[in-house]
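Using the sequences and the hints given, assemble the complete structure.
Here is what each chain is made of, one letter per residue.
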Amino acid sequence: MSLSSAHLRERWQLVMASMRIPPEQPAARSDAGVQAHDAVLHQEFEAFFWRYEGIISRYLWQMVGDQAAATDLCQETFFRAWRHFARIKDHPQVRSWLYRVATNLAMTHRQHQAMHLQSTLDDLYPGASDPGRRIADHDLVTRTLQALPPKHRSVLLLFDVYGHSGSEIAEMLGMSINAVKMALHRAREQFRREYLREEGLE
Amino acid sequence: MNPCALNIPTETLSAFYSHLLPDDERAALEAHIADCAACRYHLAAYAAIRHVLRRQRSPVDAETVWRRLDDQIIMKRGSFMFQAPKIAWLSGLALFAVVVIAFVAVFALQSSHHTTPITIVSPTPTGTATMAPTATAKPVPTLTAQQFDACFGVPSDGVIQRNEIVRIGDIALASKIATVLPLRMLPEGATSPYRLTGDPSNNFASSFVGEADPLVNPTQPNQNPYASKLYFQICNLSTSTTYHVSTVGATISRFTSYSGSLNVASHPCSESYYSSATHQDIETGGCGWATGPLNIIANATFPPGSTTGMGVTGVMTKDTTKTTMAPGKFLTGMFYITLPSTPGTYSVSPTVQFDGGSTISGVPIPPYIYAPVAHVWDGKACTNVSIPASPPAYYICRN
Numbered sequence: 182m183s184l185s186s187a188h189l190r191e192r193w194q195l196v197m198a199s200m201r202i203p204p205e206q207p208a209a210r211s212d213a214g215v216q217a218h219d220a221v222l223h224q225e226f227e228a229f230f231w232r233y234e235g236i237i238s239r240y241l242w243q244m245v246g247d248q249a250a251a252t253d254l255c256q257e258t259f260f261r262a263w264r265h266f267a268r269i270k271d272h273p274q275v276r277s278w279l280y281r282v283a284t285n286l287a288m289t290h291r292q293h294q295a296m297h298l299q300s301t302l303d304d305l306y307p308g309a310s311d312p313g314r315r316i317a318d319h320d321l322v323t324r325t326l327q328a329l330p331p332k333h334r335s336v337l338l339l340f341d342v343y344g345h346s347g348s349e350i351a352e353m354l355g356m357s358i359n360a361v362k363m364a365l366h367r368a369r370e371q372f373r374r375e376y377l378r379e380e381g382l383e
Numbered sequence: 340m341n342p343c344a345l346n347i348p349t350e351t352l353s354a355f356y357s358h359l360l361p362d363d364e365r366a367a368l369e370a371h372i373a374d375c376a377a378c379r380y381h382l383a384a385y386a387a388i389r390h391v392l393r394r395q396r397s398p399v400d401a402e403t404v405w406r407r408l409d410d411q412i413i414m415k416r417g418s419f420m421f422q423a424p425k426i427a428w429l430s431g432l433a434l435f436a437v438v439v440i441a442f443v444a445v446f447a448l449q450s451s452h453h454t455t456p457i458t459i460v461s462p463t464p465t466g467t468a469t470m471a472p473t474a475t476a477k478p479v480p481t482l483t484a485q486q487f488d489a490c491f492g493v494p495s496d497g498v499i500q501r502n503e504i505v506r507i508g509d510i511a512l513a514s515k516i517a518t519v520l521p522l523r524m525l526p527e528g529a530t531s532p533y534r535l536t537g538d539p540s541n542n543f544a545s546s547f548v549g550e551a552d553p554l555v556n557p558t559q560p561n562q563n564p565y566a567s568k569l570y571f572q573i574c575n576l577s578t579s580t581t582y583h584v585s586t587v588g589a590t591i592s593r594f595t596s597y598s599g600s601l602n603v604a605s606h607p608c609s610e611s612y613y614s615s616a617t618h619q620d621i622e623t624g625g626c627g628w629a630t631g632p633l634n635i636i637a638n639a640t641f642p643p644g645s646t647t648g649m650g651v652t653g654v655m656t657k658d659t660t661k662t663t664m665a666p667g668k669f670l671t672g673m674f675y676i677t678l679p680s681t682p683g684t685y686s687v688s689p690t691v692q693f694d695g696g697s698t699i700s701g702v703p704i705p706p707y708i709y710a711p712v713a714h715v716w717d718g719k720a721c722t723n724v725s726i727p728a729s730p731p732a733y734y735i736c737r738n
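Line by line, the protein sequences give chains B and Z.
Per the working numbering: the first sequence = residues 182 to 383.
Per the working numbering: the second sequence = residues 340 to 738.
Hints in this document: simulated from the structure, not taken from any laboratory.
On a predicted model such as this, the values are computed, not experimentally measured, just so you know.
Hints should not be assumed to be uniformly reliable.
[To be verified] Some chain Z residues close to chain B (C-beta under 7 angstroms, calculated; not the full set):
no., residue
1, Ala354
2, Val399
3, Asn638
4, Thr640
Cβ atoms here follow ideal geometry from the backbone N, Cα and C, with glycine treated the same way.
Here you go:
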């Protein structure tokens with residue numbers, strides 16, 4: 182296989198560009214190593230992001246029930262991952278780490294949102310802060326899910342959708358195994374009742 | 340339906356469904372459930388909840404998140420670099436090495452052994468306007484959510500991930516291991532049932548993405564479920580240009596030699612046993628993903644001694660008139676590959692060549708291990724009796 186020198190040069194420029202190394206301004210020698218290391222880490226992080234983005238964004242969306250908020254929280258989760266990337270990237274439990282960060286962010290977000298929304302709605306429309314009406318434009322599953330207490334919702338999702346065991350969830354969320362068991366039961370029963378009622382089956 | 344004769348509380352049923360009951364209680368309850376329609380009905384409701392939750396899809400656009408995140412990282416980069424320790428060995432020479440490695444990696448991604456070494460896809464002679472001249476092959480394609488859905492949402496139904504796609508200009512190419520029954524490496528010398536460590540709720544996903552165990556391919560006969568199969572999907576993102584696929588090829592993008600024998604097992608989705616509950620959770624009938632109708636089927640055999648960088652052109656066995664891709668359309672293809680007989684770890688990527696000579700290469704699939712000696716493990720020879728009741732887990736057995 183032969184390549185023209187023009188072809189090689191072009192490819193070289195593409196590689197440099199993709200590594201974010203300025204083509205015409207070679208860095209000072211002492212910074213070069215750091216810069217290359219940084220660029221390689223950045224590429225690894227990009228692959229890491231695309232590998233885990235799907236599960237984390239879905240989990241966050243299921244947790245907060247809102248596309249814009251889930252987008253923000255997903256960005257924040259991965260930004261935190263980037264800040265600790267050198268340490269977490271090869272960690273065997275990196276997925277648990279991501280879920281834990283995402284869960285914390287989702288819970289905090291909901292507290293802020295609930296406080297903010299509550300006061301706004303109460304001011305404007307007394308009685309309008311009924312959770313059923315607030316999220317009336319969401320689909321049935323999302324609506325049912327959002328009606329659960331955040332901790333129950335998180336436990337149900339981590340167990341049923343994301344496949345963590347009871348003990349893993351207990352460790353991740355700092356709960357006892359009994360609390361996980363109870364949360365799962367309450368979440369399932371509440372989901373079952375609300376879902377069936379909404380469907381007009383019960 | 341009669342109510343439950345024992346009046347089992349839903350709390351107990353939920354704990355049962357969550358594998359959180361002590362063994363003795365669990366066994367007793369199992370016996371009861373076999374006869375109690377009310378309890379089975381209640382458990383089915385829990386399964387239905389799991390089902391609807393798993394079916395939900397996120398409306399978050401990953402591309403948007405990545406763009407914003409990348410900007411955020413670049414803004415912070417100055418301080419990040421300032422804090423980063425100076426690494427002595429990464430001197431100018433090491434920088435050169437890093438760049439060369441990246442160069443080789445990108446090059447391997449784009450090149451093909453037997454086809455013209457042109458890597459930027461150009462349109463058929465009738466169209467020129469839509470190709471971005473600066474496009475680079477990158478395993479993180481810039482596809483909008485709509486483009487992604489149109490290209491890869493159907494028929495693979497969400498199975499294709501963005502990091503499996505390469506895009507150059509008008510063309511996006513996804514590559515994926517398509518072996519419906521991938522094989523799994525097991526420890527030597529074990530005689531008791533082997534506990535699977537993958538994620539059962541996600542169809543033992545680790546065996547699909549090569550996370551925990553490399554895939555193993557002991558015999559590789561063509562066109563059977565155990566063959567090395569490579570699924571690819573090509574999408575024409577142009578609104579005006581039609582592309583014609585002329586040939587497809589496969590390239591060994593990574594080879595590491597390996598010696599020793601292996602134990603292998605068929606995919607746990609079809610042939611695994613659950614330690615203490617056989618009537619729930621196991622997805623029978625195989626949990627391989629459906630590819631939908633195939634437009635292109637190709638076979639290729641690597642000659643003995645093939646190693647990294649070696650490419651072969653496939654022989655297309657399907658009607659070649661079906662290889663035309665109108666604007667906005669996609670083609671699906673399956674590549675049956677016979678690897679060289681040298682034991683080792685192989686990672687392979689597909690290459691698609693269009694009329695006019697332009698070529699695009701896909702993302703290398705996770706590695707397969709090939710070894711001439713293999714002890715086959717198979718769930719068929721396994722009985723529930725031989726599986727430990729605790730802890731709850733999925734097992735396969737040696738035959």
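Hints versus structure:
{"no.": "1", "hint": "Ala354", "verdict": "holds, 5 angstroms"}
{"no.": "2", "hint": "Val399", "verdict": "holds, 4 angstroms"}
{"no.": "3", "hint": "Asn638", "verdict": "violated, 24 angstroms"}
{"no.": "4", "hint": "Thr640", "verdict": "violated, 21 angstroms"}
Going through the hint list in order, the structure does not satisfy hints 3, 4.
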